[in-house]
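Based on the sequences and whatever the hints tell you, model everything.
Everything in the sequence shown is counted per numbering that gives the first Met the number 0, starting at 0 for the first residue and increasing by one.
Because the hints were derived from the structure by calculation, they are not lab data. Be careful, since some hints might not be right.
[Stated by the list, open to error] Label pairs and their in silico Cβ distance ranges: (1) R11 to Q141: 25 to 35 Å; (2) G86 to P262: 52 to 62 Å; (3) E44 to D117: 37 to 47 Å; (4) K87 to Q141: 53 to 63 Å; (5) D279 to R8: 22 to 32 Å; (6) D102 to C68: 17 to 27 Å; (7) T51 to A199: 44 to 54 Å; (8) Q259 to D284: 28 to 38 Å.
These numbers were taken from a predicted model, which means no experiment stands behind them. Don't be surprised by glycine CBs; every beta carbon is placed ideally from N, CA and C.
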Amino acid sequence: MSAERVFLRGGRQVHLSEPMIGQGAEGYVLSVKDQPRICAKLYIEPTDLHRTRIEALVELPPADWSGDCAEHVHVAWPQAGLYDEEGKLVGFLMSRVAGIALDNLFDHDTPQNHGLDDPSWRNRMVIASRVARLFAMLHERQIVLGDIKPANLVVDQHGHVTLLDCDSVQFVDRRTGDVHKPTKFTPIYAPPELLSTQHALLSGHHDTFGLAVLICRLLLGGDHPFEGVPTLGGGDTLEENIRRNANRVTQPRSLVELTQLPPPTLLPPPVYALLKKAFDDGRADPAHRPAAKTWQEVLHQAAGELTECRINSWHAYPPAAAACGWCAFVKQHGGPYYVGGPPPPPPPPVRVPVTSPVPDRGLLANSPPRSGPVPVQVYSPQPVPTTPVAPSSPKRKVPVGAVVVFAVLAVLAAVICVGVLSRAA
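Okay, structure coming up:
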């Protein structure tokens with residue numbers, strides 16, 4: 000079949016272009032010419048079952064799948080079937096989503112930022128809450144994912160999450176009332192009850208087990224919580240450990256300890272409590288597993304309450320912790336866990352209002368404050384008895400001019416006297 004010869008149900012040709020932008024076990028994905036936000040999934044071996052499911056999904060009008068911004072959608076829902084020249088369904092159109100598969104965030108060998116604007120552990124918790132919100136949106140519409148696989152979840156650079164490959168979900172055909180069960184599932188994300196009964200009708204409790212596994216991997220370094228060697232012997236496959244609830248998060252003694260893996264003590268207590276319910280309580284009764292909506296709310300609140308590390312801004316820790324657990328873990332065990340994050344920026348300067356200087360109280364600096372007004376003592380000196388003195392005559396001031404005249408006259412008198420005496424001689 001040529002990729003150029005596919006049509007909508009009404010006969011309009013859809014022009015596809017290579018190269019492939021994605022490939023899976025059932026089919027591959029091509030671009031649509033002149034439609035940058037649309038792509039086409041084509042089945043390698045299309046069957047009548049594919050046609051029944053896709054046509055029912057197209058007729059099932061979901062609620063608004065639009066996302067957190069104009070470029071984001073929560074679910075790449077099938078929009079229209081694609082048919083060959085003989086009228087056989089060969090694929091469908093869906094939204095084209097940019098980003099990376101969620102399982103890339105589990106890989107220790109790739110750079111820590113993975114193209115994310117915010118590569119911090121806090122943002123990992125935000126992404127986990129968005130994954131939970133996506134599950135909750137589907138469950139509210141009686142849709143069960145069934146095949147939980149991180150490769151089907153795409154994360155863009157802003158941390159928004161989109162579900163791909165919706166054609167395998169469990170849903171109710173609105174035209175006939177028939178329930179279309181999932182066509183496949185991934186065993187390492189399947190709950191223990193499904194591993195025993197693979198063809199059972201599923202509920203949201205099935206999805207919440209896989210959701211808890213995804214959250215563990217997102218927040219604790221990427222390793223699968225049920226991966227390891229059982230301490231009591233027996234098989235060590237992931238499926239067998241899931242059946243026995245042998246995991247390193249809620250039952251650490253069930254597996255051989257690996258100290259180089261991040262411990263669950265790094266998690267906020269409310270998040271760890273939900274994991275206990277999902278793995279331990281849910282093993283006996285799947286209804287005890289926390290709902291996706293509960294996961295969303297707890298993770299969202301826990302992310303907002305984290306304290307940013309003062310040394311590495313990619314680290315964060317619960318407010319009840321005394322110090323950054325990630326710093327302590329990396330220092331002791333090493334590992335590529337959020338290494339290289341820059342220190343947080345210094346806080347902005349705080350403007351202090353200018354106040355009048357406090358006067359120096361000197362010796363009174365350490366005296367206790369008074370509770371009321373300070374009494375003021377006024378000193379009034381007693382009158383001293385004195386002996387009365389007779390009043391003296393007032394002094395007259397001599398004018399300056401009179402003194403000068405008197406002096407001149409005295410000089411003249413002296414001159415005359417000298418002249419008279421000289422004549423007599």
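Checked hints:
no., hint, result
1, R11 to Q141: 25 to 35 Å, "holds (32 Å)"
2, G86 to P262: 52 to 62 Å, "holds (58 Å)"
3, E44 to D117: 37 to 47 Å, "holds (42 Å)"
4, K87 to Q141: 53 to 63 Å, "violated (30 Å)"
5, D279 to R8: 22 to 32 Å, "violated (49 Å)"
6, D102 to C68: 17 to 27 Å, "holds (24 Å)"
7, T51 to A199: 44 to 54 Å, "violated (21 Å)"
8, Q259 to D284: 28 to 38 Å, "holds (34 Å)"
Of the numbered hints given earlier, the model fails hints 4, 5 and 7; all others are met.
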